[in-house]
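Here is how the chains run, residue by residue.
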Amino acid sequence: AQSVAQPEDQVNVAEGNPLTVKCTYSVSGNPYLFWYVQYPNRGLQFLLKYITGDNLVKGSYGFEAEFNKSQTSFHLKKPSALVSDSALYFCAAKTTDSWGKFQFGAGTQVVVTP
Amino acid sequence: EPEVTQTPSHQVTQMGQEVILRCVPISNHLYFYWYRQILGQKVEFLVSFYNNEISEKSEIFDDQFSVERPDGSNFTLKIRSTKLEDSAMYFCASRNRGQNTEAFFGQGTRLTVV
Chain Z
1 AQSVAQPEDQ VNVAEGNPLT VKCTYSVSGN PYLFWYVQYP NRGLQFLLKY ITGDNLVKGS
61 YGFEAEFNKS QTSFHLKKPS ALVSDSALYF CAAKTTDSWG KFQFGAGTQV VVTP
Chain S
1 EPEVTQTPSH QVTQMGQEVI LRCVPISNHL YFYWYRQILG QKVEFLVSFY NNEISEKSEI
61 FDDQFSVERP DGSNFTLKIR STKLEDSAMY FCASRNRGQN TEAFFGQGTR LTVV
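Protein chains in written order, with my numbering: chain Z, 1 to 114; chain S, 1 to 114.
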């Protein structure tokens, strides 16, 4: 069975400091990996995805993610966090079949303090 | 920018009543999903839909649930006899053709069963 783990319920960081949100996956084959962000009372917004190739993926709003196949990880990063980055972040994995579902992690609440 | 729209934004219903949650996916998308989220926590997969039939469904998606794409634009989720534990935020998502395309989520319908 496929699963996605986000080991931290919450990450606290001061504005201007680097932000990392961790994600590991257990999915057969070579899954596609995604990060989504959710602001209060809103839907999930796509940030970035890993398909193949370069292990460092760049996405929206200055976010990037590093894929590590040996560690089965896909950590989200931002070099300098903003207060407006405070939100709930979800990692997701999808198998390579076209109709496959997205398996989400439990989510990590990011709190950026001024 | 095209978006997934969901109606209503909030639905209150009495236990045992039927509810229909409506979604208009992005027009050229081919894959459709329903997810739910309880109390801002984990995003749970309910069902995926492609080529006018269910591709996959979770254990949550029992006989009380059904989906339909009645007219080529709307995508509905019906709960026949609601239970208190069906109270959640329900998200519709759609995705374009291809194995690795990201899903676009609607703003959600908050279902409250009383």
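You may find that some hints are simply not true.
To be verified - Mimicking DSSO-like on lysine-lysine, the simulated pairs with C-alpha atoms at most 27 Å apart in a straight line are:
id: 1; chain 1: Z; residue 1: Lys69; chain 2: S; residue 2: Lys42
id: 2; chain 1: S; residue 1: Lys42; chain 2: Z; residue 2: Lys58
id: 3; chain 1: Z; residue 1: Lys77; chain 2: Z; residue 2: Lys22
To be clear, the hints were calculated from the coordinates, so they are not data collected in a lab.
Hint by hint, here is what the structure shows:
1. Z:Lys69 x S:Lys42: Measuring from Cα to Cα gives roughly 25 Å; hence the hint holds.
2. S:Lys42 x Z:Lys58: Judged against 27 Å, a Cα distance of about 25 Å means the pair holds.
3. Z:Lys77 x Z:Lys22: Holds - the C-alpha atoms of Z:Lys22 and Z:Lys77 are around 9 Å apart, at most 27 Å.
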